[in-house]
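A.B. asks: Going down the list, the protein sequences come from chains A and B. Be aware that the first sequence starts at 1, since it is given in the UniProt record's numbering, and climbs by one per residue. Be aware that the second sequence starts at 1, since it is given in the UniProt record's numbering, and climbs by one per residue.
Any given hint could be a false lead.
To be verified - Computed footprint of chain A on chain B; a stretch qualifies when at least three of its residues, placed anywhere within it, have a C-beta under 8 Å from a C-beta of chain A: (1) 83-91; (2) 195-202.
To be verified - In silico negatives: residues of chain B with every beta carbon more than 12 Å from chain A: (3) 22; (4) 95; (5) 105; (6) 191; (7) 216; (8) 272; (9) 279; (10) 282.
Stated by the list, open to error - Facing chain B, a subset of chain A residues (Cβ under 10 Å, in silico): (11) 34; (12) 65; (13) 237; (14) 238; (15) 258; (16) 261; (17) 264.
The set of hints was computed from the structure by calculation and includes no laboratory data. We put the beta carbon where it would ideally sit given N, CA and C, even for glycine.
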Amino acid sequence: MEERKGRKKKVLLMGKSGSGKSSMRSIVFSNYVAKDTRRLGATIDVEHSHVRFLGNLTLNLWDCGGQDAFMENYLATQRDHIFRNVEVLIYVFDIESREFERDLITYSSCIEALRDNSSNARIFCLVHKMDLVQTELRERLFNERRDVLVSRSLGLAITCFQTSIWDETLYKAWAGIVYTLIPNLPQLETHLHRFASIADAEEVILFERTTFLVISHVTRSPIPNPFPDRFEKISNIVKQFKQSCSKMASNFTAFELRAAGFSAFIDVLTPNTYILVVMPAGAAESATTLMNIAVARKHFEKLERDSSVRGVEKLGRDSSVRGAEKDSGVRGSEKGGGGVGEKDGINGN
Amino acid sequence: MPPTETLFLESTTRIQKDPIHSFMDFQVWDFPGQLNFLDPTFDFDHIFGELGALIWVIDAQDEYLEPLSKLHTTIIAIQRFYPAINIEVFVHKVDGLSDEYKLDTQRDIMQRTQDELSDNGFDNVQVSYHLTSIYDHSIFEAFSKVIQKLIPQLGTLENLLNILCSNSGIEKAFLFDVLSKIYIATDSSPVDMQSYEICSDYIDVIVDVSEIYGYLVDPLQEEATVEASSIIRLQNGMVLYLREINKYLALICLMRKDSIEKQGLVDFNVQVFQNALQRVFEVGR
Ligand SMILES: Nc1nc2c(ncn2[C@@H]2O[C@H](COP(=O)(O)OP(=O)(O)OP(=O)(O)O)[C@@H](O)[C@H]2O)c(=O)[nH]1
Ligand SMILES: Nc1nc2c(ncn2[C@@H]2O[C@H](COP(=O)(O)OP(=O)(O)OP(=O)(O)O)[C@@H](O)[C@H]2O)c(=O)[nH]1
Ligand SMILES: [Mg+2]
Ligand SMILES: [Mg+2]
């Protein structure tokens, strides 16, 4: 069971009806843009989706409809079913809710159920729809809410984010959540550092391919960038553009910008990642950077493959796994060799 | 400003004049909806004397008969003294309306306007109608068309773009005003909304990424004046090509990937286009 958990991570998405759970899920994992979410209906019971991440990590996302009747069920008859084996709980609060106190009571009940069934689960609270609050007031309101949430979490550690589907805060929160789940991160980061220095780049950012969430980044430029939130900004920018491409029934494969002061390249790195490389002004020809990326591609593909093979070996020892699932994990002729998972590991696109 | 933030806008109380500095200087005058500028205390000539176009916005989600009759009185007043002013009606906030309902509304507004003008003896007034919403690209498209009519060199620009396209294997080329994302000219092949949208979104990407890494520009270096250029490759074999023309304008081209294989040729032709454009605007001054 332990090993199995290492591969599929159960993530609960909870909160009051209308707080924005399905909206966030659809934007981050299914290529919706913010305005498309107006058409979403209330979620009935639990909607499951499997999100493939970096080859060997699969998020098993439980989007739990938040209407009162469902919530009561989760906490009573379905209690074990819902709260057992949870790796991460994401609890969403609508900043405009008129009954915050009532939301808190439900929240505390969920935390209690989680503590009893999955004592090691990580807890994230999203204070959501912050776009509805005037900019100057956001920080203060968020801090207030966070203090209250901390005090109502039965002493468990929680991480809070302020979010809105209308700006990049959405990506900051979800990258933060997913980051804690990525296996073999240290190895990945070592490789990324090495690549950045070989390419002599100012900055390198690694993104997951379908969500465009930031996995890791290396900054070498000695001058501090005035945008500390640039990573999620770029996720947002590229995600928006992917959406425009999809209107033309396509996707972009490579991007190159040569501007005064810098050049930027975005390219597919591995079947599960994109890389952004920022080069200083007057750096080498584009072709050199593109070649460096091509060389790095081999290393990172191997890294991805290795970690995915390890996942499969673990699976192999787990008698409860069906053969079919094993097959989909690894393709190729050699034992354990070949490609990693599907390009688009996302259901419900 | 993103569309959702307009919720916080306060009602306009005075005429607001926003100078737009671009390849061509113009001013946008935002009139308060409350204002009755046909009131004799208003300086009619001051307002309409130098006007190129009048944009009249009608809220399609609201009762529009009364606003419409105000539009009619305005057109009639203008026609008497300044018949050269382009009259552009934006049938606005059409998001949330079905396609059929949109067109019905536009037809109804056109019909009523025509009838009213005829009744007053104005039979040949050119009035243009645009269906617009701030939640998609339609508002930019509409402004593009309004502005294009005001550019005296439009024909020349179109010709230059046609030449560029046919010499470089380009399928569609737009000349964009970067700040407003309206296009001031395009080649004469038909515009489809999708191409316009993707080009306009491309500008967002360029502007946003340039802002984030713009701190790397050394203001003392001559490099700072280098014009940005960019390429995006799409999975379906199409390529987007962007070249900054000057502070205000950018050229964006859509082409197949075979055309960009001869990138040297494309770059060269774009340079020629850029030089020609420079001359057009110098003469225009
Ligand atoms: N202003 C604003 N609206 C949002 C935001 N996120 C979601 N919404 C809107 O909130 C409404 C409800 O969103 P859903 O995602 O369906 O809510 P839910 O939490 O899944 O609701 P249940 O499925 O009933 O539990 C939709 O109309 C969204 O457009 C946000 O960040 N800002
Ligand atoms: N649904 C929808 N709402 C819009 C659209 N354009 C503007 N609005 C909303 O309409 C409201 C009024 O917009 P304003 O631009 O302030 O109206 P105005 O014409 O300048 O009004 P005055 O300044 O009083 O003359 C705002 O809440 C906008 O968010 C649109 O295309 N669709
Ligand atoms: Mg839902
Ligand atoms: Mg106003």
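A.B. asks: So, for every hint listed, does it hold in this structure?
C.D. replies: So, going through the hints one by one against the coordinates:
1. 83-91: violated (count 0)
2. 195-202: Coverage by chain A holds for the region 195-202 of chain B (4 residues, Cβ < 8 Å).
3. 22: Non-interface label on residue 22 of chain B holds, nearest chain A Cβ at 20 Å vs cutoff 12 Å.
4. 95: 8 Å, violated
5. 105: 21 Å, holds
6. 191: At roughly 14 Å from the nearest Cβ of chain A, residue 191 of chain B sits farther out than 12 Å, so the non-interface label holds.
7. 216: Violated, since 4 Å does not exceed 12 Å.
8. 272: 20 Å, holds
9. 279: With a cut-off of 12 Å, residue 279 of chain B remains clear of chain A, as the shortest Cβ separation is near 24 Å.
10. 282: 24 Å, holds
11. 34: 8 Å, holds
12. 65: 25 Å, violated
13. 237: For residue 237 of chain A, the interface hint holds, since the closest Cβ of chain B sits about 5 Å away, which is under 10 Å.
14. 238: 8 Å, holds
15. 258: 5 Å, holds
16. 261: Hint on residue 261 of chain A: holds, closest Cβ of chain B at ~3 Å, below 10 Å.
17. 264: Check passed: Cβ of residue 264 of chain A comes within 6 Å of chain B, closer than 10 Å.
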